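Put chain B with the ligands on the given structure of chain A with help from the hints.
Taken in order, these protein sequences are the chains called A and B.
Quick note: the first sequence, position 274, residue 274 per my numbering, numbers continuous.
Quick note: the second sequence, position 148, residue 499 per my numbering, numbers continuous.
Hint data in this document are derived by calculation from the structure and do not stem from the laboratory.
Please note: incorrect hints may appear among the correct ones.
[What the hints assert, rightly or not] When the alpha-carbon atoms are kept at most 25 Å apart in a straight line, the in silico DSS-like pairs for lysine-lysine are as follows:
{"no.": "1", "chain 1": "A", "residue 1": "K295", "chain 2": "A", "residue 2": "K240"}
{"no.": "2", "chain 1": "A", "residue 1": "K15", "chain 2": "B", "residue 2": "K603"}
{"no.": "3", "chain 1": "B", "residue 1": "K603", "chain 2": "B", "residue 2": "K522"}
{"no.": "4", "chain 1": "B", "residue 1": "K748", "chain 2": "B", "residue 2": "K770"}
{"no.": "5", "chain 1": "A", "residue 1": "K18", "chain 2": "A", "residue 2": "K159"}
{"no.": "6", "chain 1": "B", "residue 1": "K796", "chain 2": "A", "residue 2": "K18"}
[To be verified] Cβ pair distances, simulated, as ranges:
{"no.": "7", "chain 1": "A", "residue 1": "D283", "chain 2": "B", "residue 2": "L778", "range": "37 to 43 Å"}
{"no.": "8", "chain 1": "B", "residue 1": "Y819", "chain 2": "A", "residue 2": "M315", "range": "51 to 57 Å"}
{"no.": "9", "chain 1": "B", "residue 1": "V762", "chain 2": "A", "residue 2": "R351", "range": "35 to 41 Å"}
{"no.": "10", "chain 1": "B", "residue 1": "R843", "chain 2": "A", "residue 2": "F320", "range": "47 to 53 Å"}
{"no.": "11", "chain 1": "A", "residue 1": "G226", "chain 2": "B", "residue 2": "G611", "range": "39 to 45 Å"}
{"no.": "12", "chain 1": "B", "residue 1": "E766", "chain 2": "A", "residue 2": "M315", "range": "50 to 56 Å"}
{"no.": "13", "chain 1": "A", "residue 1": "F320", "chain 2": "B", "residue 2": "L778", "range": "37 to 43 Å"}
{"no.": "14", "chain 1": "B", "residue 1": "D758", "chain 2": "A", "residue 2": "H239", "range": "38 to 44 Å"}
{"no.": "15", "chain 1": "A", "residue 1": "S340", "chain 2": "B", "residue 2": "E872", "range": "42 to 48 Å"}
{"no.": "16", "chain 1": "A", "residue 1": "D283", "chain 2": "B", "residue 2": "T678", "range": "47 to 53 Å"}
{"no.": "17", "chain 1": "A", "residue 1": "D345", "chain 2": "B", "residue 2": "G873", "range": "55 to 61 Å"}
All values derive from a computational prediction rather than experimental measurement.
No residue lacks a Cβ here, since even glycine has one placed at the ideal position from N, Cα and C.
Listed below are the residues making up each chain.
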Amino acid sequence: MTQTAKPSVQHPGLKPNKLGLTRRDYEGSQSTLCAGCGHDSITAAIIQAFFELDMPPHRVAKLSGIGCSSKTPTYFLSDAHGFNSLHGRMPSIATGANAANGTLSYIGISGDGDSLSIGFGQFSHAIRRNVNMLYMLENNGVYGLTKGQFSASADVGSKAKRGEANQMRPIDPASTALALGASFVARSFSGDKKQLLPLIKAGLTHRGFALVDVISPCVTFNDHEGSTKSYAHTRDHGHKVVETDFVPLLHEIQAEQNRESATAVTMHDGSVVRFKSVAEDYDPTDRDAAYAHLKKLQSCGEVATGLLFIDPTSMDLHEFENTVDESLVGLPFDQLCPGSAVLDDLQSRWR
Amino acid sequence: MDRDSRDRTNDLVVKVATVNGTGSASANGMLMQAIFRMGVPVSGKNVFPSNIQGLPTWYEIRVNKNGHTARSPNFDLMVAMNPKTYGQDIKEVCSGGAVLYDSSWPLDDALMRDDVTYLGVPLSHMCVENFKGARERILMKNIAYVGAVAALLTIDLDVIQAMFTEKFGSKPHLIDSNDAAIRLGYDYAIEHFDCPLPTRLEPMDANRDSVLMTGNMAAALGCVYAGATVGAWYPITPATSVMDSFRGLCEKLRKDPETGKNRYCIIQAEDELAAIGMVLGAGWMGARAFTPTSGAGISLMNEFLGLAYYAEIPAVIFDVQRTGPSTGMPTRTQQGDFFTLAFASHGDTKHVLIFPADPGECFTFAVQAFDLAERFQTPVFVASDLDIGMNDWVCDKLEWDDAYVPDRGKVLSAEDLQKMDAFYRYLDSDGDGVAARSLPGVDPKGAYFTRGSGHDRYGRYTEDGELYQDVVDRVARKIEGAAEALPPPEIRLVDNASIGLVTVGGCRGAVLEAVDLLAEEGIALDYLRVTGFPFASAVEEFLLSHDVNIVVEQNRDGQMKRLLMLETAVLKSKLASVLDYGGSPLSATVVAQGVRDRLSMMTVQAG
Ligand SMILES: Cc1ncc(C[n+]2csc(CCOP(=O)(O)OP(=O)(O)O)c2C)c(N)n1
Ligand code: SF4
Ligand SMILES: [Mg+2]
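Chain B on its own, in the form it takes in the complex:
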């Protein structure tokens, strides 16, 4: 693409290459936040190693005035602060782009390209001269490059200085040193380079009703607002910050004002097996309980998930997916758990899954997950991923309806029980597949035995085939019945499209951008985003009404495509895949190219 011919104001990508553990994360976050405060659509993606200190790490900032903020690998400005990765970083810059580097030491000749501009700032030298102590010099070097980038892209220094005041309000000496550092970089750039670059920023007003938020924080907020009281977990990237955030929120919002005691209980379990066990114990007792985890944790939880399915115990599980199999690449994103979630545990099972696309949906879906879990008395999985969970997203401000009343499903009170002739836990009295439950401690009449072994509709142990089948068939009906109660699929139709582009979860942004890109090339595509499993009937209708459906997802095996094949009437020959599973957030270029390739293959085959 010839990028230079277009107006590049508020349409650019910056990549910052640093070393983890050096404080660059907060500097990068500040850059992204400053752009957000200028009212410009922006996203920030952290690409980090599974390590605490000393390995390469990157931060990608994409600015796009049209609101396309999915990851883009077309880097206009590379802030190359890690000599160990210079080679790779400089190679990645777009033709016509620029490289900002620390010119305290010269660049190797081998790193020189004719088609990029080199912007050397002697950051280390300046920081040695102006600051004392090794740690401060390292930290201030980060702030100094932010200053240089601000000059190159025209980021308002006032915006950044206001952030220092907010952040270090009580420590004026920190405000002063950060101010000094930002100036060093800014002034040097203004003096030595032709500022601003063609790829530059201009204030807009796109973020008035937006906030900056990670999906994990949003999910934790959802748990608080849904009234969850018990959280059990075992630490795992990228799910850890769900519970960290939940704890932080509860410490503020969930204390008994008189006694200072907690209206919640968070247990760091000994492993994921125990974590899900605790959630089931709490759910059985009648509390809203959840556990955040990632694929490895889901694998461990399998036996319990089957118990929860069969004994019909509500639970909410957040699976913040990362690359598998096994330990995989723990700090890289993927959508590789669809299979394992859909049919987790041995025997015939099928689980309710919902797929948020962004932090906003992590919040609303989290609340819905608790309602669904109690209504259908079954585990509900909120399947997000590392990109949604851990990266800062600009999203619409969250709304809360104060009239919300939790859907506790069919839970019998002492009065309800007293009115009944007899209570039978697994007897479906109104034919919707859901049997009423009783909670421990409420009334002797509600007592029953919860078990994962064979039981009949009266809750009695059985080894009788018919009585066993009676119950498992009802449970199957119950789960099917959940399909239309899940968040409805997102569908966008255009005129005269015979091809459907289908996706799920965090691929949304890249796929919608690709739809736009391809429309410009004359390729009309209808768009469907699957939001729940079992699939709503609208999903099947969409698939059946298109000649071909191309499913875009982030795993090697086309797991969502295969689920669609299994669970809808669509023919295998009408499904194709575009897959991206290297661990990076999806970009529109990958999707668009994938679609072009699939279409040309089909034309060849048809011809």
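Okay, chain A solo, but in the shape it has when bound:
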């Protein structure tokens, strides 16, 4: 058991955010994952992101499927409603919740087993509907909770703890999402908080489905030599594509002066995400180029990380469905029930 990593300074003078909340107010209960599990580092980054974005915790809905990764919503934002649903079925719960109330922020936590096997259909269709949510895929190449079977994201040649090598081609969530038309695709590594944090913030701010695929080593079942999702392997083979720097609305001008060479993308709420291309010609708004880049790196055994693609202008579920701006939950009953006179009128035609 580990504690979710706590901030380095812990004293009563903890610096509050604009809401007057400290980072602690964004924490949850104590983690019950294995010590060193990559998922815990992601949780820490999530806590930091919500804190830095000054989001009121109770205006967030946190959802998950089933797996070690899916347990983690308990470990952050204890003031938010949480829903630990069924294995692979979180996307449908999130879709219905979001349909009912589009005014909350949604974060979904899933694993590679949860999203790429049992829940592959729901994962794909949430992307297709562009449900406005941040979707964290905590990817360790194995089924952690059922003790280490290969998942569909295991790389060819990757060795399981007992020694057998995977021979089937992996399903890569990032290129799958790109092919499915996802409006935001990013990848990072649980051990690289500096890169992960701005990606989470950008994903939370993006309107539409934001996939952050996080390579998150399972120290118990998939961190040995021969595993391609281990800490050592990911550090050696990670390849940053785009450095993201999330700039909330109010700091925009100042930040812009400091960063001449970055590509700035304005999010729907007016805040700006800046992408600094590592490769000079990398354009995160070009889907085809992103796809080609991913595949190229993949073929030489490298993992493209960073913000791979973003389309900040895409339509989300509510725009497809042309729903009213307010939450459907709060609509007064007289706006929903047409009343007896209308019923009489309707029936006068059914004769």
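Only chain B with the ligands this time, still in chain A's reference frame:
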């Protein structure tokens, strides 16, 4: 039965045999609607294949002045328009009945019966002469047979012509061609046959306060009136028209007048699993949400139904039943899902079911379903069937009470939460088995973790046996407590009846007619129609107060009878079954014969 000795005015059955995809459906609907407008009790049953074009299809119209409009297989007039099914169709006509056919081609000698009258109308020839183009000729042939039937049964042509004007108002050329076609058939029949037939119509005034409606349209209306805002579904016959109707109604009635935006959200899911997931997500969020489906969809939804039961999330599911198992006969009716609904999902579960008998109840029960789902924080199933859902029924005009206020159950507002020391999601503070819930986004104090894994009364994860049992026992009490809140059972008692006739759902009409038929034979029967599960105490009382209860239902295994056996104190030996599960709507003849057979078997056994 010697049918000829009775007065057959407004007491007849017509069956029309056609090919699907030829436009006959609207012609048949028109026939039925015309009879309805004459004020005569009538029903129309569509018997259609699981196919879009080219296979045999039938439409059965039953007229009965006493209001018995359950299906009847005693066909007086067969409108035989499909040569491929002539053999079967002609065999089905009652002795003394008539066959109307297209005499453009002669009938095979093998099809001739001595005891029926053959009425040949050269429909194809007449339409070739009078209309141009293959499509129009096919369509007008349908209208022409309606004309011939109108002459044979004395349907008022003015009534039909008024329908053309309503339907084709903006397209006068269509009114003209339909008028011409109806005349062709009508005039030919008047000229060549002894019109009307002994089985004929006469205007009545039975439908003044009635409307023509399908159960699926009524259910959709119920969803609109109950204030449902989220609907998720995956297309499946015979449930599809619930969502089609809901969408149609919402497009008219649920737009923000200023922005034109929707005060509803309909999602066509990728499968039923996702559909129920979406409904649960929306219900958890506090919206009234529903999904229409049929048995195959229910099977897929099972895992989620257990989650909803255990995590206590409201949801409304319309199961428009069709024949199973598996794909079964997708366009035929059945009541085969009682078992699977009652205990859907693994582990100990038990669900709230309500069983409408007709479109009128589809409306009222739909509204009640949303109230019950929120009050008891659990999935509520409205179990109708293909016959109720898809066929046009004459029913009492729907009423709406403008004073209706939705029962949202125990939902805590921000103010409620602020007043509390602490909020615990699964703590039953007043002992009725229902714990108050909070909705996301309302107040930080209301936050809790919804999960399908073991939890205690405080909503905390647990693997402690006692704490786990504490919660599941309360949930069991809660569901039992719902029994008396469901629509009350329908009971009709007569003098000196020791036998109870028990039924459920759409069997109602046929069973009540059978009760009348058997009463004429001196068999007195008390009648009980089960309307909800868990069963109200009145159900058990009824069963215990009769020597024998015969349960009439439409499935092979006597599922309702077995549920009664499980869930009430009635002895197995006091229950018998009459079962009909071939896919047709139930008829009184089947019920009456079934009851006679059961009774004579009992007499033999007793003797
Ligand atoms: C319907 C169903 N089948 C199987 C399981 C068992 N199960 C629980 S978690 C899991 C795999 C989780 O893998 P992943 O999503 O990668 O999460 P991780 O534990 O690796 O973070 C499985 C198969 C289940 N909970 N539900
Ligand atoms: S088994 Fe693996 S994935 Fe699960 S908690 Fe342990 S390290 Fe993390
Ligand atoms: Mg995994």
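**OP:** Determine whether the Cβ-Cβ distance between G226 (chain A) and G611 (chain B) falls within the hinted range of 39 to 45 Å.
**Re:** violated, 59 Å
Original post:
Falls inside 37 to 43 Å, the C-beta gap from F320 (chain A) to L778 (chain B)?
Top reply: holds, 40 Å
Subject >> Pairwise beta carbon distance, D758 (chain B) to H239 (chain A), judged against the given window 38 to 44 Å >> reply: violated, 58 Å
**OP:** State, for the Cβ atoms of V762 (chain B) and R351 (chain A), whether the hinted interval 35 to 41 Å holds or is violated.
**Re:** holds, 40 Å
Original post:
D283 (chain A) and T678 (chain B), beta-carbon distance inside 47 to 53 Å?
Top reply: holds, 49 Å
**OP:** With a cut-off of 25 Å on the C-alpha distance, tell me whether K18 (chain A) and K159 (chain A) pass.
**Re:** Distance of about 47 Å is beyond 25 Å: violated.
**OP:** Would you check the hint for K796 (chain B) and K18 (chain A), treating anything up to 25 Å between C-alpha atoms as holding?
**Re:** holds, 20 Å
**OP:** Just tell me: holds or violated, for the beta carbon distance of E766 (chain B) and M315 (chain A) against 50 to 56 Å?
**Re:** Violated, since E766 (chain B) and M315 (chain A) (Cβ atoms, about 37 Å apart) do not stay within the stated range.
**OP:** Compare the distance between the alpha carbons of K295 (chain A) and K240 (chain A) with 25 Å, and conclude whether the hinted pair is satisfied.
**Re:** holds, 14 Å
Original post:
Would the pair K603 (chain B) and K522 (chain B) pass a check requiring their Cα atoms to be no farther apart than 25 Å?
Top reply: Given pair K603 (chain B), K522 (chain B) holds - Cα atoms ~24 Å apart, limit 25 Å.
**OP:** Determine whether the Cβ-Cβ distance between Y819 (chain B) and M315 (chain A) falls within the hinted range of 51 to 57 Å.
**Re:** violated, 45 Å
Subject >> Range hint 42 to 48 Å (beta carbons of S340 (chain A) and E872 (chain B)) holds or violated >> reply: Since S340 (chain A) and E872 (chain B) have Cβ atoms about 44 Å apart, the given range 42 to 48 Å holds.
This entry does not satisfy hints 2, 4, 5, 7, 8, 11, 12, 14 and 17, going by the numbered hints stated previously.
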